[in-house]
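**Student:** Residue numbers (the working numbering), protein chains in the order written: chain R, 2 to 298; chain E, 28 to 309.
Derived from the structure by calculation, the hints contain no laboratory data. Quantities reported herein were computed from a predicted structural model and do not represent experimental measurements. Cβ coordinates follow ideal geometry from the N, Cα and C atoms, glycine included. Take the hints with a grain of salt, since some may be wrong.
Unchecked claim - Cross-link-like lysine-lysine pairs, in silico, DSBU-like; alpha carbons within 30 angstroms at most:
hint: 1; chain 1: R; residue 1: K289; chain 2: E; residue 2: K145
hint: 2; chain 1: E; residue 1: K164; chain 2: E; residue 2: K145
hint: 3; chain 1: R; residue 1: K195; chain 2: R; residue 2: K213
hint: 4; chain 1: R; residue 1: K289; chain 2: E; residue 2: K164
hint: 5; chain 1: R; residue 1: K89; chain 2: R; residue 2: K149
hint: 6; chain 1: R; residue 1: K149; chain 2: E; residue 2: K164
hint: 7; chain 1: R; residue 1: K89; chain 2: E; residue 2: K164
Unchecked claim - Sample of chain R residues lacking proximity to chain E, with all beta carbon distances greater than 12 angstroms (derived):
hint: 8; residue: I68
hint: 9; residue: R115
hint: 10; residue: L129
hint: 11; residue: E147
hint: 12; residue: K149
hint: 13; residue: E180
hint: 14; residue: L207
hint: 15; residue: E210
hint: 16; residue: S253
hint: 17; residue: G268
Stated by the list, open to error - Computed from the model, here is a short list of chain E residues facing chain R with C-beta under 8 angstroms:
hint: 18; residue: A79
hint: 19; residue: C83
hint: 20; residue: W105
hint: 21; residue: S192
hint: 22; residue: Q206
hint: 23; residue: A229
hint: 24; residue: P247
hint: 25; residue: E280
hint: 26; residue: W301
hint: 27; residue: C308
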Amino acid sequence: MSPRSLLCVVSMPLAVACASARAPQPPASDESVAAYDARNASLARELFGIRFDASARAESQANFSGIHSDDLLFSRRIDSRTYFVYDKRASQAGVEYGGGRDQLLQLATRLLQRAGVPASEIVQPRILQGGGRLGAIDPRTKAIVEVKSAEGRPLALVNRQIDGVPVFSSRLLLSASAEGRPAFMELHWPEIPKAAVAEARRLQRLVREGWKPPEQPGARVETVEAGIVHSPAATWVMDIVPVIRVVYASTSPQVGMKALLYYDRSGITVTPPREFPVTAAPCANAAKPREQKQQKP
Amino acid sequence: MKRILPVLSLLFVLAPAVAAAATPSYSTGAVGSYMANCGVGPDLPAAVPEAANIRCWYSGGAGCGSTVANPFPLVTSWNDGDVWGSDFRDGIGTADTDSSGGSDLPAIYFYAGHGRCKNPPTATSRDFIIVCGNSRKTDVTDIGAFSRWGSASGGHLQFAFIDASCPMDLVSITNNWPQTFQGLHVATGHSGDQGHDTLDSASRGGQFAAYTSGNNALLPQLSVGDAWMAAGLIDVDPGVCAVVIAVGADAAEAVDRRDNERVTDGRGDPVSNWCAWRWVCS
Chain R
2 MSPRSLLCVV SMPLAVACAS ARAPQPPASD ESVAAYDARN ASLARELFGI RFDASARAES
62 QANFSGIHSD DLLFSRRIDS RTYFVYDKRA SQAGVEYGGG RDQLLQLATR LLQRAGVPAS
122 EIVQPRILQG GGRLGAIDPR TKAIVEVKSA EGRPLALVNR QIDGVPVFSS RLLLSASAEG
182 RPAFMELHWP EIPKAAVAEA RRLQRLVREG WKPPEQPGAR VETVEAGIVH SPAATWVMDI
242 VPVIRVVYAS TSPQVGMKAL LYYDRSGITV TPPREFPVTA APCANAAKPR EQKQQKP
Chain E
28 MKRILPVLSL LFVLAPAVAA AATPSYSTGA VGSYMANCGV GPDLPAAVPE AANIRCWYSG
88 GAGCGSTVAN PFPLVTSWND GDVWGSDFRD GIGTADTDSS GGSDLPAIYF YAGHGRCKNP
148 PTATSRDFII VCGNSRKTDV TDIGAFSRWG SASGGHLQFA FIDASCPMDL VSITNNWPQT
208 FQGLHVATGH SGDQGHDTLD SASRGGQFAA YTSGNNALLP QLSVGDAWMA AGLIDVDPGV
268 CAVVIAVGAD AAEAVDRRDN ERVTDGRGDP VSNWCAWRWV CS
């Protein structure tokens, strides 16, 4: 079935689901839309402590399913262990989780465990370093004449490995409300086929044995690492590919942004995981080159 | 067609206030090909797909295999040599409002391509956009010196998304960015150095667009700042920082825009009395 044909939006008031959220989950044999929505409400509550009121709506669209109200969202992918939580009010309040940064990390680990993530796959839970500043602009010179601190909300990030194989694209990104519930959460931890892990381990062995990446013009190889890449969290498809990941830096100090290329065991370039089933994105321009004009200063 | 394109673009531009409230107009400029025409590298093969992913989230359509709730009007979507350095410069005439692709034409402009990292940057370092135009030579724009975006400079840009190398170094941000805000609301970029740089990525821009568009009820619509903090660190070296900057008439407004303004808010243009920026590092 094509993703386009899957694009049947099922939307309904959540009164049934909310009622179900206070009641036992419907039996697994119940495959009705109402039962499905009620299970989403239960998941939101049991995994992430989110409760919706009667104004919330259940909805399914292609490979996404979830519940949302004006200020609260819980959604998940049906083709991946992927969850989104967004509490708009908590995010805009800008109040840091009262439990502190260590507790934010503990919350991150707890949420992963509740979502069924094996502890062995959790790597490097950490608070991302960051900050914020505020400056007054001199109206005449446009220079900043006064700077003071204006911090943002801390973010926790957790990466993934499977049996020593890095899964570059999986992650948990989390900020918390003052009460310790997720304010924003992207938990993207798809199930990885064993065959993909096995191939990634073979690629690791190749790298250890001195596999040489193809040269790229104007660039030098900076890092070579085998692992698994997959489609990002907000995507309509889920590609999962074992790869050798090579970072190339420019040979010129005058040019930045490094190239990132993926290779298979034969050294053939692997297309990065897709976001959309096709890539013929809308284009505003004609196929012909842009008309050359006089060089502007 | 050459004559029609500017007219179509102008139609979007002439009604920015109407479009901004719900459906901001936007353009993408992606440069992946550098070696063949300009002799510098590496090429960035993910830049053009990255811009395509953005357009799928902002506009949708059959070409993406998906529809979106509220398609944003697309003004221009040039790639490679058709992205010109003058598109980013507020020079004599109408450089950055050039009807065939200036960055100051739409409400949102997303650039993907090379920039330049310093090693290390200092307070007087400059920030750059580097393209390889049809003129077959590298064209470098010094952002702080030549980029001026928004209504006060005769343009329309509200959101400048610069996915390049170190276009927003923290140590020099106060020298390079406040003057670019001439009605511009919010800008995003990265801070780093030559050892800590962004990687060419089709996902970073796509996920940023997914989180900013509000075009899927089952995805969070984040503020520009929050979306960049969430997506800006995809495919970057350790130590790279995603940076967002905004201005306002007073301190509270600058912080509010930095933290909470969405591309679909339809807010009016800010007065640049205060500047607020924040960052998160990998």
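**Student:** Give me the numbers of the hints this structure contradicts, sorted from smallest to largest.
**Tutor:** 1, 6, 7, 8, 10, 11, 12, 16 and 25
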